[in-house]
Amino acid sequence: MQKKWTGFFSVLMLFIFIVPVYAAAPLAVVETNVNKVLDVLRDPKLKAPAAKDAKTQRLRVIYKGMFNEVEFSRRTLGRNWNQFTPAQRAEFIELFEQVLEKAYLDKILSYTNEKIEYTREILHSDKQAEVQTKVVTSSQEIPIFYRLIFADGSWRVYDVVVENVSLVQNYRTQFNDILAKNNPEHLLQILRKRVKEQ
Amino acid sequence: MNISGRLSLAKYLAVAVMMTIFFVAVGVHASPPAAESSELKIVLVSSEAAKADAGKKSVLDEDYVEDDEYYDDEAAQKAKISDPIEPFNRVMYHFNDKLYFWVLKPAAQGYKFVVPEVGRVSVRNFFSNLRTPTRFVSCLLQADFNGAATEAGRFAINTIWGIGGLLDPSSGQELNLKKQDTDLGQTLGFYGVGHGFYIVWPIFGPSSPRDSADIVGDYFLYPVSYLDPFYVPWCVRAYEEVNSTSLRIGDYESLKDAAIDPYIAIRDAYAQYRANKVKQRKMKFESFWGGQTKKGNVEKQD
Chain P
868 MQKKWTGFFS
878 VLMLFIFIVP
888 VYAAAPLAVV
898 ETNVNKVLDV
908 LRDPKLKAPA
918 AKDAKTQRLR
928 VIYKGMFNEV
938 EFSRRTLGRN
948 WNQFTPAQRA
958 EFIELFEQVL
968 EKAYLDKILS
978 YTNEKIEYTR
988 EILHSDKQAE
998 VQTKVVTSSQ
1008 EIPIFYRLIF
1018 ADGSWRVYDV
1028 VVENVSLVQN
1038 YRTQFNDILA
1048 KNNPEHLLQI
1058 LRKRVKEQ
Chain L
9 MNISGRLSLA
19 KYLAVAVMMT
29 IFFVAVGVHA
39 SPPAAESSEL
49 KIVLVSSEAA
59 KADAGKKSVL
69 DEDYVEDDEY
79 YDDEAAQKAK
89 ISDPIEPFNR
99 VMYHFNDKLY
109 FWVLKPAAQG
119 YKFVVPEVGR
129 VSVRNFFSNL
139 RTPTRFVSCL
149 LQADFNGAAT
159 EAGRFAINTI
169 WGIGGLLDPS
179 SGQELNLKKQ
189 DTDLGQTLGF
199 YGVGHGFYIV
209 WPIFGPSSPR
219 DSADIVGDYF
229 LYPVSYLDPF
239 YVPWCVRAYE
249 EVNSTSLRIG
259 DYESLKDAAI
269 DPYIAIRDAY
279 AQYRANKVKQ
289 RKMKFESFWG
299 GQTKKGNVEK
309 QD
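First to last, the protein sequences are chains P and L. Numbered per our numbering, the first sequence spans residues 868 to 1065. Numbered per our numbering, the second sequence spans residues 9 to 310.
Worth flagging that the hints you see were computed from the coordinates, not collected in a lab. Only true hints are included.
Facing chain P, from chain L, some residues (calculated, C-beta under 8 Å):
hint, residue
1, Leu68
2, Tyr72
3, Asp265
4, Ile268
5, Asp276
Quick list of simulated restraints, FRET-style, between CB atoms:
hint, chain 1, residue 1, chain 2, residue 2, range
6, P, Lys1001, L, Ser220, 29 to 39 Å
7, L, Val244, P, Gln950, 47 to 57 Å
8, P, Gln950, L, Arg256, 35 to 45 Å
9, L, Pro270, P, Lys982, 27 to 37 Å
10, L, Asp259, P, Lys982, 14 to 24 Å
11, L, Val201, P, His1053, 33 to 43 Å
12, L, Arg98, P, His1053, 14 to 24 Å
13, P, Thr899, L, Gln181, 21 to 31 Å
14, L, Asn154, P, Pro916, 49 to 59 Å
15, P, Arg927, L, Asn184, 34 to 44 Å
16, L, Tyr247, P, Gln950, 47 to 57 Å
Yeah, the Cβ is synthetic: ideal placement off N, Cα and C, and Gly gets one too.
Required output: the full structure, derived from the provided sequences and hints.
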C-alpha cells in the first residue's frame, strides 16, 4: 500500500517540476493575456456604454504587457528604422501605438461571445515563436496568429497575422511607400495629424 | 504467479522510465527561455512600467538588422507585388470603394435586416457547394487527389444530406471533410506562375494577370454561368455577393480605417493573402508526396 502511494507522489513531484516550465511558453503568454482581455470585455460591471473609458484603460494595461512595442515599430519600419534618430524612434513608437489603438479598439470592444481556440505553437528558434489561434464566430472562423519574440526575459508579441495578413508587413509596405519619397519627419507629421483628428 | 508479478513490475518500471525520459525531454526542450522568464514574469507584473521604460532607452539605439532570425522578412519579400499601373488602379479602387459604400453595403444591410443569420449562412453554403467544380478541378491540377476526393465527397454528402447544399454536414466533427480552399489562380501560383503585377478590376476588385485567369476559368466551371437567359447568371452572382457581404459588414471598413494609405494597405493585404494561400497549397503537396517536408504544417492548411 505504502509503495503505491510513493509511486503516486513521485509522479506528482514530476508534475510539480513540469508546470512552471510550461507556464512561460509562448502559447501560455498569449492565452493568459487574451483571457485577461476577454475578462474585461465580459465584465458585467463594465457593460454600460459609460464604462468605455474604464474598459479602455484596463485593456491598455494588458496590451502594454503583452506586446513588445519597440520590436513592433522597428519591424514595421524595417530598414527605414535606421534613418530615424532615437528621439524620432521614441515618438514614432508612441504615435504608432495610438494609431493602432484607435483603429482596433472598437473592433476589440465589439467582441464578446466568440470562442477562441488555441490551435498550435511553433518555436522557430529559442527567440522566435508563433502561436496560432482561431476566433470562431457564429458565421465564420478567423485565423489569428501571434508572432512572439523572447527579449528582456519574457515572450512578447511583435506581430499579429489576421487571415494570412501580417499587420507589421502591411504597415511596412505603407510606410515604405511614404518614406521612399519623404524623410522620417514627414511620416511623423502624418501620424501626428492622424492621432489628432481621431 | 511469481513470474507474472515480476513481469508487471518490469512493465511498470519501463513505463516509469519512459515517462521520466519524456518529461525530462519536454522540460529540457522548453526550459532555456522558461528558466529565466518564470522569475522575471513576477518582476514584470510588479514593476511593468518601470521596466518598460528602462528597456526602451537601450533598445531605441539598436539598429534594425536583417538576419536569419527575422524569418518572416523572407516571406515579406515574396509577398510583394509590383504596381506599374498605379494611377489606373487608384481610380478603380475609388470606383469600387464608392460601389461598396453606395450600393453593396446598403443592399447588404437591408438584406441582413430581413434575413436572419442562419439563413444567410445557409445561402452561403449553397453557393459554396455549387462552386465545387472549381475546387475539384484545382485540386486535380495540383495533383492533390486527396483534396479532390474530399471535394467530391463533400459535394455528394452536402447535396443529399445537407438539403441541396444549404447545410454543411461534411465539415462536422464526425466526417471532418473540410472545404479545400483553393482556386485556379492558386493552381497557377502552385506551378510557379507569379502575380505579374497588380490590377484592380472594377467590381471584381484586387487582382493580377494570374488571378484574372482565375476569374475567367471560374466563369466556365461555375454552373450558374450556364443559366438562361443571359442576365440570370449576373443576377444570381449579385445576390450571392450581397449575401456574403451581409456576413462581413465592417471588415472592409475596419481595414480601411486602420490604414494610413488604404489603397496600399489593401494591395499589400491582397498580395500577402494570395502568397500565403499558394504557400499552403505547396506545403500540402510536399507533405502528401514526401520530399523535403515540413511535417505538421499540413493540418492547418484549411
